[in-house]
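Number of protein chains: 2
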Amino acid sequence: MSHYTQSALLTDLYEITMMQAYFSEGMNDRAVFEFFVRKLSPARNFLLAAGLEQVVEYLSGLRFDQDDIAWLRACGLFDPGFIESLRDFRFTGDVDAMPEGTVFFENEPVLRISAPLREAQLVESRIINLLHFQTLIASRAARCVIAAGGRQLIDFGLRRAHGAEAGLLSARASHLAGFDGTATAAAATLFGIPVFGTMAHSYIEAHDYETDAYCRFAHAFPKRTTLLIDTYDTEAAARQVVRLARSLRAQAIAISAVRIDSGDLDAVSRRVRAILDEGDCGDIRIFASGNLDEYALQDLIGKGAPIDGFGIGTRMNTSSDAPYLDCAYKLMEYAGQPRCKHSMGKVNLPGSKQVYRRRDGNGVMVGDMLALHDERIEGDPLLKPVMRDGALVAAPPGLQDIRRYAGSQLAGMPAGLRMLGPAQAYVPSVSPGLLDMARKLDAWLRAQSANDRARWEGEAV
Amino acid sequence: MSHYTQSALLTDLYEITMMQAYFSEGMNDRAVFEFFVRKLSPARNFLLAAGLEQVVEYLSGLRFDQDDIAWLRACGLFDPGFIESLRDFRFTGDVDAMPEGTVFFENEPVLRISAPLREAQLVESRIINLLHFQTLIASRAARCVIAAGGRQLIDFGLRRAHGAEAGLLSARASHLAGFDGTATAAAATLFGIPVFGTMAHSYIEAHDYETDAYCRFAHAFPKRTTLLIDTYDTEAAARQVVRLARSLRAQAIAISAVRIDSGDLDAVSRRVRAILDEGDCGDIRIFASGNLDEYALQDLIGKGAPIDGFGIGTRMNTSSDAPYLDCAYKLMEYAGQPRCKHSMGKVNLPGSKQVYRRRDGNGVMVGDMLALHDERIEGDPLLKPVMRDGALVAAPPGLQDIRRYAGSQLAGMPAGLRMLGPAQAYVPSVSPGLLDMARKLDAWLRAQSANDRARWEGEAV
Numbered sequence: 001m002s003h004y005t006q007s008a009l010l011t012d013l014y015e016i017t018m019m020q021a022y023f024s025e026g027m028n029d030r031a032v033f034e035f036f037v038r039k040l041s042p043a044r045n046f047l048l049a050a051g052l053e054q055v056v057e058y059l060s061g062l063r064f065d066q067d068d069i070a071w072l073r074a075c076g077l078f079d080p081g082f083i084e085s086l087r088d089f090r091f092t093g094d095v096d097a098m099p100e101g102t103v104f105f106e107n108e109p110v111l112r113i114s115a116p117l118r119e120a121q122l123v124e125s126r127i128i129n130l131l132h133f134q135t136l137i138a139s140r141a142a143r144c145v146i147a148a149g150g151r152q153l154i155d156f157g158l159r160r161a162h163g164a165e166a167g168l169l170s171a172r173a174s175h176l177a178g179f180d181g182t183a184t185a186a187a188a189t190l191f192g193i194p195v196f197g198t199m200a201h202s203y204i205e206a207h208d209y210e211t212d213a214y215c216r217f218a219h220a221f222p223k224r225t226t227l228l229i230d231t232y233d234t235e236a237a238a239r240q241v242v243r244l245a246r247s248l249r250a251q252a253i254a255i256s257a258v259r260i261d262s263g264d265l266d267a268v269s270r271r272v273r274a275i276l277d278e279g280d281c282g283d284i285r286i287f288a289s290g291n292l293d294e295y296a297l298q299d300l301i302g303k304g305a306p307i308d309g310f311g312i313g314t315r316m317n318t319s320s321d322a323p324y325l326d327c328a329y330k331l332m333e334y335a336g337q338p339r340c341k342h343s344m345g346k347v348n349l350p351g352s353k354q355v356y357r358r359r360d361g362n363g364v365m366v367g368d369m370l371a372l373h374d375e376r377i378e379g380d381p382l383l384k385p386v387m388r389d390g391a392l393v394a395a396p397p398g399l400q401d402i403r404r405y406a407g408s409q410l411a412g413m414p415a416g417l418r419m420l421g422p423a424q425a426y427v428p429s430v431s432p433g434l435l436d437m438a439r440k441l442d443a444w445l446r447a448q449s450a451n452d453r454a455r456w457e458g459e460a461v
Numbered sequence: 001m002s003h004y005t006q007s008a009l010l011t012d013l014y015e016i017t018m019m020q021a022y023f024s025e026g027m028n029d030r031a032v033f034e035f036f037v038r039k040l041s042p043a044r045n046f047l048l049a050a051g052l053e054q055v056v057e058y059l060s061g062l063r064f065d066q067d068d069i070a071w072l073r074a075c076g077l078f079d080p081g082f083i084e085s086l087r088d089f090r091f092t093g094d095v096d097a098m099p100e101g102t103v104f105f106e107n108e109p110v111l112r113i114s115a116p117l118r119e120a121q122l123v124e125s126r127i128i129n130l131l132h133f134q135t136l137i138a139s140r141a142a143r144c145v146i147a148a149g150g151r152q153l154i155d156f157g158l159r160r161a162h163g164a165e166a167g168l169l170s171a172r173a174s175h176l177a178g179f180d181g182t183a184t185a186a187a188a189t190l191f192g193i194p195v196f197g198t199m200a201h202s203y204i205e206a207h208d209y210e211t212d213a214y215c216r217f218a219h220a221f222p223k224r225t226t227l228l229i230d231t232y233d234t235e236a237a238a239r240q241v242v243r244l245a246r247s248l249r250a251q252a253i254a255i256s257a258v259r260i261d262s263g264d265l266d267a268v269s270r271r272v273r274a275i276l277d278e279g280d281c282g283d284i285r286i287f288a289s290g291n292l293d294e295y296a297l298q299d300l301i302g303k304g305a306p307i308d309g310f311g312i313g314t315r316m317n318t319s320s321d322a323p324y325l326d327c328a329y330k331l332m333e334y335a336g337q338p339r340c341k342h343s344m345g346k347v348n349l350p351g352s353k354q355v356y357r358r359r360d361g362n363g364v365m366v367g368d369m370l371a372l373h374d375e376r377i378e379g380d381p382l383l384k385p386v387m388r389d390g391a392l393v394a395a396p397p398g399l400q401d402i403r404r405y406a407g408s409q410l411a412g413m414p415a416g417l418r419m420l421g422p423a424q425a426y427v428p429s430v431s432p433g434l435l436d437m438a439r440k441l442d443a444w445l446r447a448q449s450a451n452d453r454a455r456w457e458g459e460a461v
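Protein chains in written order, with UniProt numbering: chain A, 1 to 461; chain B, 1 to 461.
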């Protein structure tokens, strides 16, 4: 993934205006920013971290190229000296992050950047853009995986994903969360995800006879054929499939599955299963699709619908019931001083942080604690070193390793969090060290504000 | 926009498996497909067509490159002869479409492709992906534009848009719908959209004193400065701005606006306005942001909040209240024969169609009719020729022309459709010719199904 997705201008303009102001002020001390989700949607009991690999690619490749420089000159906002300084721009900072596939909760930093201020500021928009989207999709996909109880799940969502990158990254995020594959061919080439697909209704309709369509398709793909049977009359089509399967067996062509894309999937799948079984086609699987999500999966599986696999599209790829996360990338420390927005009546948690997770003897999570990054707390630290001085600490894990890790993370959640409905929230506690720092910062901010006003009342700037 | 967004593999695998089946069957007669939205969300009284320019770019540049060919070979599903045929693949078809910025309604074809079957099939996934997303965003953005009543609107949504392309295309779609500009720098370079941005809370927080931050930023950007005033204490910050504005005037530095990003925007903006006005800063505008959408705009403006401009992000860029359209790209005709999925109990509308719109003497829309493309009906035909034999009929309109056209389209809607709440649906009627064709096709499909079964019962295939 490169091109405009790698452009240094793929950011909010204010990141660059702030950089210029910092440049003219000579401000470039070390800044710590953290990405976190403030509050989970009522429709989510947990979130699954995803997108780190793309963040690392972005940070590693970040440059202002000739076109970027030319635009900055032409737009009339920036000083020549500042623009020149961008020619050598590189990301030289440190990154610590939860590995992709980690389950996390509100206010927990998922990624922490420690870098010279201008670098840490510029990357805000794209880091949020990447972590927000893949985490959003992986989290909804994980709910589908839990609801599917081991049945096959295929991502069907390119067409209504929000653009090309959303289609490709949601194929990745859903595979990471446990989906078996995707329908999107380019996601197979980019990420090595298993790819699936056979025919649309248009294929049937373009033929004068449905049976001709089936027969010819089976001959074109003798090893793996799924026939779509709901174009005209689903049960009649299932009976045609039975007859066809018999005659194709003699030619060593196997029909592997039928797909149903409309109607009452529970009722129709039962009738189709009966027709197939009575026709000695017990080996033909039933695959279903059409506006499905985790609730539909739970309902169909709960009723015992004989469906072996599901195509899940739009609702997963747009996270339709919660299409964004309440996430932020916030300055936590600058030049060694903790920093924070002062929200009246709320305790904010500044400083460079770590999340510690405790588990019981069976490996089930029993509590998280937010702490200062150098505070010693019981439990496993969730943020791990990813980059130091702009370089990777280790080769990033492969997608299959991430997928296995995500599976173990989902398995290690308390049962309540695995339910689709709202569970008692899993809220991290706050360490004594962090609380103490927050209180001290609050007092410092109040003193600074008072000093600031006093300066103003005494003198002109 | 090129690279993977232009890959021929940015499609569902089934488009390519169908192509191979058509290739082995020698089927490549002319096919007509149409893109349309089946039903509008209850949260939308109209939709605004967008995305055609990107569709045309995609169709014009569509090629299977070496990497695509190599992957098709390696994946083991496709025949060498078929793969070889793709080296010369070009889109050679015709495109008719509603110009971008056209208001449209349920079941109205927005785009019609007439092309050799394999070409028309392959492009399905990306055409839907492009038209769906920009139409989704333009439609929500248009609601914000109507609610804003002429106040400035800036797209703030890159960070929580669903990936890079979503961020960039939502900047385009919202500008087309009437937004004044975007915060996304790369959208300015790609589409020439006016770009805005100054500072985040982190800029204030990185300084030991808020006033120092303001003063230094104003010196760094003496021509255009918007100061963010809600980091610590909004009213105290507004008073600092007044004092600072006085001292900066002597240096010919003007503060153009303050931004408020949190709190009760109505109450806070009134207090800030009063402080600014009392401090002889009536020329400093107030800009507001933070989880805004058309409902918040209507509410704030209805109450008379003294806000001059708004930053609209997440809720517009994800179309959060209706994050997808119930849209489809369906085969309507093959080899001169109308085609259709047979949904029991529903009349489907096959064939190559046109939409005719009638207006009253004031130019206000009074009714649309779906008709056969060659039927003569009263009103203006909405689908216009865009490509013939794979080539553009005329240079595409510029974004500013599209924006003006969209404005006139929104102004020409009946008042009810411009309300934010649900209006009486504007439903196109169906022409006698089209109804007649649908009935004939229904009878033909029934006859074909009966023939198909009869063939099966008599013989083996």
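Do not take every clue at face value.
The list cannot tell twin chains apart, which means a pair is met if one copy fits it or any two copies do.
Simulated pairs of lysine-lysine, DSSO-like, Cα-Cα distance not exceeding 30 Å [said to hold, decoys possible]:
{"#": "1", "residue 1": "K440", "residue 2": "K341"}
{"#": "2", "residue 1": "K384", "residue 2": "K341"}
{"#": "3", "residue 1": "K440", "residue 2": "K303"}
{"#": "4", "residue 1": "K223", "residue 2": "K384"}
{"#": "5", "residue 1": "K384", "residue 2": "K303"}
{"#": "6", "residue 1": "K440", "residue 2": "K223"}
{"#": "7", "residue 1": "K39", "residue 2": "K223"}
{"#": "8", "residue 1": "K341", "residue 2": "K303"}
Simulated from the structure, these hints should not be mistaken for laboratory data.
We went through each hint and held it up to the structure:
1. Proximity of K440 and K341 under a CA criterion of 30 Å is satisfied intra-copy only: 14 Å inside one chain copy versus 68 Å between copies.
2. Only within a single protomer do K384 and K341 lie at most 30 Å apart by alpha-carbon distance; the minimum there is 26 Å, versus 53 Å between protomers.
3. In this assembly of identical chains, K440 and K303 lie within 30 Å of each other by CA distance neither inside one copy nor across copies; the values are 57 Å within and 40 Å between.
4. Proximity of K223 to K384 under the C-alpha cut-off of 30 Å is found in neither arrangement, the shortest distances being 45 Å within a copy and 44 Å between copies.
5. Taking the closest pair of Cα atoms, K384 and K303 never come within 30 Å of each other, the shortest separation being 43 Å inside a single copy and 49 Å across copies.
6. Proximity of K440 and K223 under a CA criterion of 30 Å is satisfied in neither setting, with 68 Å inside one chain copy and 38 Å between copies.
7. Proximity of K39 to K223 under the C-alpha cut-off of 30 Å is found in neither arrangement, the shortest distances being 48 Å within a copy and 39 Å between copies.
8. Only between protomers do K341 and K303 lie at most 30 Å apart by alpha-carbon distance; the minimum there is 28 Å, versus 51 Å within a single protomer.
Figure legend: structure checked against the earlier numbered hints; hints not met, in rising order: 3, 4, 5, 6, 7.
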